[in-house]
Amino acid sequence: MALDGLLLYQINKEIKQLLPAKINKIQQISDTEILFNCRSRSSGFKLMISCHSQYNRINLTEETYTAPDVPNNFIMVLRKYLDGGIINSCEQIGLDRILHMLITARNDLGDQHDFSLYIEMMGKYANCVLVDENEKIIDAMKRIPPFENTKRTIHPGALYTLPSQELKKDPRITDADANESLVKQFHGFSPQLSREFQHRMHNGEKFAEIMKELLASKTLYITETEKEPQFHCLPLTHLDNPPAAYSLQKGIDVIFYHKEERDRIRQQSGDLFKLVRREINKNTNKLGKLRQTLEDAMNCEHYRMYGDLLYAYANTLNEKSGSAELPDFENGELIKIPLDIRFDAKQNAKKYYQKYHKSKTAQLLVSEQISLCEKELAYFEEIGAQLEYASFEDAVEIRNELEKMHYLKPQKQRIKKKKQNEIPHFMTFEFEDGHKIYVGKNNIQNDYLTFRFARKED
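Each residue of the sequence shown is one higher than the last, beginning at 1 in the working numbering.
Please keep in mind that the hints were generated in silico from the structure rather than gathered at the bench.
It is possible that part of the hints are untrue.
[As the list claims (entries may be wrong)] In silico DMTMM-like pairs for lysine to aspartate or glutamate, Cα to Cα no more than 20 angstroms straight-line: (1) LYS282 / GLU368; (2) LYS250 / GLU224; (3) LYS358 / GLU295; (4) LYS282 / GLU376; (5) LYS436 / ASP447; (6) LYS336 / GLU279; (7) LYS274 / GLU430; (8) LYS80 / GLU91; (9) LYS289 / GLU279; (10) LYS274 / GLU133; (11) LYS259 / GLU224; (12) LYS274 / GLU368; (13) LYS80 / GLU148; (14) LYS404 / ASP340; (15) LYS46 / GLU14; (16) LYS358 / GLU432; (17) LYS80 / GLU14; (18) LYS212 / ASP170; (19) LYS409 / ASP69; (20) LYS13 / GLU213; (21) LYS250 / ASP447; (22) LYS358 / ASP340; (23) LYS218 / GLU14; (24) LYS169 / ASP296; (25) LYS375 / GLU279; (26) LYS80 / GLU62; (27) LYS80 / ASP114; (28) LYS346 / GLU325; (29) LYS206 / GLU224; (30) LYS409 / GLU279; (31) LYS212 / ASP175; (32) LYS168 / GLU180; (33) LYS13 / GLU91; (34) LYS350 / GLU382; (35) LYS409 / GLU393; (36) LYS286 / ASP296; (37) LYS360 / ASP296; (38) LYS25 / ASP114.
Note that the structure is a prediction, hence the values are computed from the model and not measured.
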């Protein structure tokens, strides 16, 4: 479930209370996430803006984020025009999922200019657009050239226009028609919120009373369902499970932080996943071939028997024949032996003895190769499992491990390297009686906990 217009209205009310605020730092968190570090009159705060196709949102956050060393072009443009600027206002366009942020900043010559940052949180069309005083687009997170969309161009130099809006009523000032869908009647309603209103109205509550409760709420209620958590600033009573309550801004982080963290890890460390999949596939195929080779090598006694028979009956064989049928020494049954017509019987026998000895040697060597291959396959399966639950810092540590083992070439620019004496990011669980459990989530963390951190009495 994504943010709807009414939930965004409540979130933005809390953001507006901190304005005006100075932008101290602009960070790129991922290809679709921007973090503004700001300072208001009372305190500092971090503002997260996400234009992810599924997890688009804006909220005040206290989470810690790791940024790539080299930002993309859009972040560089934002820094050029907005760094050190003042966010004067942040207004919602009606009850649509669009915010208009008005920012005043100075250029290199000290001249003051006003800029608009339009944050469009509209699902797969989510975008962030920087616009100058003349409503001309300076740049956008996701550019849309004219040949892709003739109705609305999002490209440097083009005039910014708002997305087309349907003619609907404002639920803050208008009562509902019980015979018509609330989504069709009002701006700001999602299907989930509409179902909640209809459920409450069916049980005797009035539309105006429910709206009053929603507009006074500073809490996000999260209800777990079979598919995914559902949330809003009203308890979703039409769902069976009881909701968990969080402050509005914290609740947004609870919903989206870890979901989008998976995408951040894949964006910044996608080559890790590719490497692990490639190595698992390679070792799986190699292991199958080695086992087949070992099975063939184990069935080598017939080569020795062929050699013995050919030596014993060498004088009776037709050297130009492609095969020979000779009686078994033990039971007298005829055994058909393929022959190479280029060689006589003794030379063919020698060839079979060579195959026999080669197979005997292969039994030992191939067994060793199978053991090594099984260990490597288990190692990469373990790395793959670690990546599935890894945080960004864990993925960086896994990268460092693979670089040391020469599976990956070092990347100097994309990800910050860990300092030599930096402590790995292991997990800590503390109980009420004071006892603690330390958990490593990758090999580097496990080695540190086992050989450097742990004491003999642990």
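Hints and how they fare:
no., hint, result
1, LYS282 / GLU368, "holds, 17 angstroms"
2, LYS250 / GLU224, "holds, 17 angstroms"
3, LYS358 / GLU295, "holds, 14 angstroms"
4, LYS282 / GLU376, "holds, 10 angstroms"
5, LYS436 / ASP447, "holds, 18 angstroms"
6, LYS336 / GLU279, "violated, 43 angstroms"
7, LYS274 / GLU430, "violated, 36 angstroms"
8, LYS80 / GLU91, "violated, 23 angstroms"
9, LYS289 / GLU279, "holds, 15 angstroms"
10, LYS274 / GLU133, "violated, 45 angstroms"
11, LYS259 / GLU224, "holds, 15 angstroms"
12, LYS274 / GLU368, "violated, 27 angstroms"
13, LYS80 / GLU148, "violated, 28 angstroms"
14, LYS404 / ASP340, "violated, 51 angstroms"
15, LYS46 / GLU14, "holds, 13 angstroms"
16, LYS358 / GLU432, "violated, 65 angstroms"
17, LYS80 / GLU14, "violated, 28 angstroms"
18, LYS212 / ASP170, "holds, 14 angstroms"
19, LYS409 / ASP69, "holds, 17 angstroms"
20, LYS13 / GLU213, "holds, 15 angstroms"
21, LYS250 / ASP447, "violated, 34 angstroms"
22, LYS358 / ASP340, "holds, 19 angstroms"
23, LYS218 / GLU14, "holds, 9 angstroms"
24, LYS169 / ASP296, "violated, 78 angstroms"
25, LYS375 / GLU279, "holds, 12 angstroms"
26, LYS80 / GLU62, "violated, 26 angstroms"
27, LYS80 / ASP114, "holds, 13 angstroms"
28, LYS346 / GLU325, "holds, 15 angstroms"
29, LYS206 / GLU224, "violated, 26 angstroms"
30, LYS409 / GLU279, "holds, 15 angstroms"
31, LYS212 / ASP175, "holds, 12 angstroms"
32, LYS168 / GLU180, "holds, 12 angstroms"
33, LYS13 / GLU91, "holds, 9 angstroms"
34, LYS350 / GLU382, "violated, 47 angstroms"
35, LYS409 / GLU393, "holds, 18 angstroms"
36, LYS286 / ASP296, "holds, 15 angstroms"
37, LYS360 / ASP296, "holds, 10 angstroms"
38, LYS25 / ASP114, "holds, 18 angstroms"
When the structure is compared with the earlier hints, violations turn up for hints 6, 7, 8, 10, 12, 13, 14, 16, 17, 21, 24, 26, 29, 34 and for no others.
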